[in-house]
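Build the complex: two chains, separate frames, hints provided.
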Amino acid sequence: MTTDPRVHVVRDVVPETPGVVTIHVVPVDGPPARFVPAQIGMLGAFGIGEAAMSISSSSSVLDHHEYTVRRAGAITTALHRLRPGDQLAIRGPFGRGWDLDASPGDVVVGAGGIGLAPLRSAILALAERTPLGRRVIVVVGARRSSDLLYRNQYDGWRARGVEVIETVDAPENGWSGRVGVVPDAIGELDLDWSSAAAMLCGPDVMMRVTAEMLVERGMPAGRVQLTMERNMHCGTGRCGHCQLGPAIICRDGPVMRYPDVARAMHVEER
Amino acid sequence: MSTTAWQLPASHLDRLVDVLRRDADEVIGPRVVDGVIRMRPVECADDLPVDVTDEQAGGRYRVVHGTGASQLRFSYAVGPDSLKAVVQPPRAPVLTMQRSADGAVAVNVQQRHVRRRAVIGVRSCDLVALARLDRTQLDGPYPDTHYAAARAGLFLVAVECTHPAATCFCDSVGTGPAVEGGADLVLTEIDDGSVWYLVRAFTGAGRGVVDELGLDEVSPVMREHIGDPNRPRRSLRPDAAAVVVADLAHRRWDDVADRCLTCGNCTAVCPTCFCTAIDDRVDLDGTAHRDRVWDTCFSGEYSHVGPGPVRSSPMSRYRQWLTHKLGTWHDQFGESGCVGCGRCITWCPVGIDLTVEADALAEPSGGAG
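Top line first, the protein sequences correspond to chains A and B.
Going left to right, the first sequence walks through residues 299 to 568 as our numbering numbers them.
Going left to right, the second sequence walks through residues 91 to 459 as our numbering numbers them.
Excised from the complex, chain B in its bound form (with noise of 0.2 angstroms):
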């Protein structure tokens, strides 16, 4: 399906965003909150960024806004949302209790219902993130119904992502920058004199919303548009899996440690890192409510055990997040955790690099940790 393409005039792209919502419970895409590209609801197509591009580095982020000369909407890279916080909130209800005088317990469990939502701007890499993320989520005997209704609704519109931050390596990890699968509708963003977004469809319903449109097809000569040569910059070496858990006493873990705030930015920011907590409190009426939220390797909490938490130490922390991420990933769901976006690098406040971390660990220890 994916080899017929169409043509989406800038003009329509509102009337992709209605279609949209009249078919989804809520829209989401990309906005400019707080001097920051967001996934936020948008209403229609004006709610998207204009001539606004960003720059990433280490430890850095800035939006940039032009000068009005561009019409392009898509120009940016990822900012520090990602398709996890869709499907796995930070915060999400899992049941509540209520314990009568006599005693008495009943649980009322939150009800899983599939909710609706589209998601426009998608880059390959959270496609592949997403997936990654199913498998961590649905994937065994006992697979979360939340995550599953909440995966269940969503339709994802993906942008073609032709302008790469510095600190994302998609393409040293084979998870982009082309889309290759896992959306609805694919768009790429095209400028030749006016703008306009050629159009594919992955699937039934994304072929449903082109059909609604009335689009027309275009031509293979514009479909060479597909893809950008532009090649990110970082790269993730091809044995970080092996690299990162071949020697747990290499110095370079006690070196990033001193660095390393324990922060838990990466881990928030990370579209795999799905480490959650469950969180029970009681409210005045006395009724006990159980949360999900995001949790962190990075906290003392979260390794604690009777004694005390088996990794005290910020090294043993940072040491569990990148073997896990690079290594130990393959052992548990058999690929890696990590899809090359970046994220980590540009939201560390420290700007810690996982690829220089990994390069540095290949490097020999030259003393004992």
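Just chain A, with the same shape it has in the complex (with noise of 0.2 angstroms):
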């Protein structure tokens, strides 16, 4: 498998939440490359550098690649500045994507802020698949509500019989939904907890405090998965920069089984 770019053009470029946008792309040589939810691509800014972006799209819609980009530094700040027509180089699909059939149980999907994104590939072909019986619930937190990533896409996942709660830390006047932190939303579910599995990506401690709490509920540590985000700069697993403890992210995540990163997550770095 070739680890070389592809030169991709851009699509479309669409404003999400404030300081986030998704990209959409279409390789200038043909069909994009198959891919599993979560995987990633390395979107090259020219002259600038690479940055690791799960691609967000649904991975059986496959005549273009989506990424949700936040505008962090230099690279990011590039690729916001793409528009219809421009063309950038992209390495990839790389890594471990999500395992959609941990478990036949309910699905629990917890996503904090821009977290959303590897996510959004996920609970797009759970939908497609999910048998009757089986509960998808999709559980997005935010600062804001205006943080709320895809929020005109929730309908149309209701629609398809996943469950969406939203829940907001800090709620603006005119808000009546949940307000608190992903966890204890979690937490409040009425689940069969031993047969269900979660997927969760968001911010490391958001991440922790989820997976401990799963545990405690009776979930096998082992059906929660998490994606982890580390400096992945090479995406293909040779330049040392994701570590985590024993995983190397690139190569044996993003999408890592919780006993697989419990105790590296818990390690005090400063």
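Bear in mind the hints are in silico, worked out from the structure with no lab data behind them.
Any given hint could turn out to be false.
Selected chain B positions facing chain A (Cβ under 7 angstroms, derived; list incomplete) [stated by the list, open to error]:
| id | residue |
| --- | --- |
| 1 | Tyr232 |
| 2 | Leu338 |
| 3 | Asp370 |
| 4 | Ala378 |
| 5 | Asp381 |
| 6 | Thr418 |
Source: prediction; values computed, not measured.
Virtual Cβ for every residue (Gly too), placed ideally from N, Cα, C.
And the structure:
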């Protein structure tokens, strides 16, 4: 499998929440690569560098790939300047994606802020395959309601049988929904925890607290999957930057099972 | 094949270099450069150091020139260079990109030419290090093609290590001093009145060189010279892998961080430290260049993610290096990242000794970190 970049053309740039856009791309030399939800592409900002991003679009609609990018540094700022018709070099997809069949039981999807991006393709895939009687519950948390990513798509997901729970840390005037953090919202669910599975993406502390709570409720730790954000620099397991204890995140992840990262997540770095 | 041995008189060393130079694009060997034994291109046997030894200690390296009495050419331990720089240069081009006025991007990937290079004077620790480096760069679904091309072109002439440094400890980690494979030819330098080399061939290519040189076989008695009774003085505790990850709040981590300058010398000289960064820049003519450059887990940028570096303190960075080198390398690649060459001890400006740190970490912490 090649690790060389393919040139892609930008087909669309969709504004999402403040500071976040979704970039739609297609390769100039053929169809987009098949991928497993949460696999990453290395998006090249011309002459500046690359940023690792999970493909956030449907893995079964393969006429283009979508990447949801939050503006944070020089590379993502350059990516935000892309306009339809512009071209960029992308490597990938790399890494291990979500196991959508970790359990035959219910699936809890917990997302914090931009963490919903690597989960979107998984949610779409689950909506396509979920048999009757298996609940898929998406709990989306954000600081403010304006930071709830893909909010205009939630009703579409609901129409396909996915339950979506929104929760915010800081409610504005007019917010009548839930207030609080993701782990609390998940903890309030009425589920058969022992047969359920979870997929989490968000800040380290949100994932750690949620995973601990799920295990305490009786979910087998191996059924808790989470995507780790570390400095994925090469994407191919060669450069060392994205190590997390025993794991090389771009090689062994980005989706990891909780027992494989639990100890490293509890190490105090400073 | 290694049970047969041949005799190469010192006067024929030039012919060996000639044969290597004819078949290889470049022959690399030890040379004294700025008071340090480096691995550099050599053109004849006279480029190799003669009557030179070295003194190594924590934070100290000196080349010592003899009085002219010795004709030995390999009577010193490893210098700062290993095979790492040969197979993974400190800076190597990956690709260039052009962007035309209409926004179209063109990618020109650097060709992966197999460059044939022979290296003379490789020690057992560095042969083992190369095998460990191979696993980091070649195993898995995406082998590094630049590395693979450099690796495929290597012809290795090892030398039995007869003068270990005070800082190295290969025997305690099972990586030497005797060469047990991984080379094409192995030389043992012997001085029994006159200097000659006992030659063994581990590969068909190595045997081909022996045949071309027309060397005489030597008797089994002489093969007893293989290996040297000198024992390195340091040792790494056998339970180091468990010790370094046992207590990540151990007070010793703060203690060593107080001494560590986070300069990254240890990772630069380490023959297995493989971390690299992808370095993109744009020329004045608008061409984007992407190079792969050595990086170090001691830099602040190394662990950078959106909100900032994951490991900003020297404590976290030193702990990352040592726990990876001796501990989690086993989880990632099934073996230790340390081959006992001692370079990180010699070239550390403040002489931090990982064998001592591992010993200290094995003691109870005696308080919260």
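Hint by hint, here is what the structure shows:
With its C-beta approaching chain A no nearer than about 4 angstroms, tyrosine 232/B sits inside the 7 angstroms limit, and its interface hint holds. Hint on leucine 338/B holds. Least Cβ distance to chain A is approximately 5 angstroms, under the 7 angstroms limit. With its C-beta approaching chain A no nearer than about 5 angstroms, aspartate 370/B sits inside the 7 angstroms limit, and its interface hint holds. Taking 7 angstroms as the C-beta cut-off, the interface hint given for alanine 378/B holds, the closest approach to chain A being about 4 angstroms.
With 7 angstroms as the threshold, the beta carbon of aspartate 381/B stays out of range of chain A, its nearest partner Cβ sitting at about 12 angstroms, so the hint is violated. About 4 angstroms separates the beta-carbon of threonine 418/B from the nearest beta-carbon of chain A, less than 7 angstroms, and the hint is met.
Checked against the numbered hints listed earlier, the structure breaks hint 5 alone; every other hint is satisfied.
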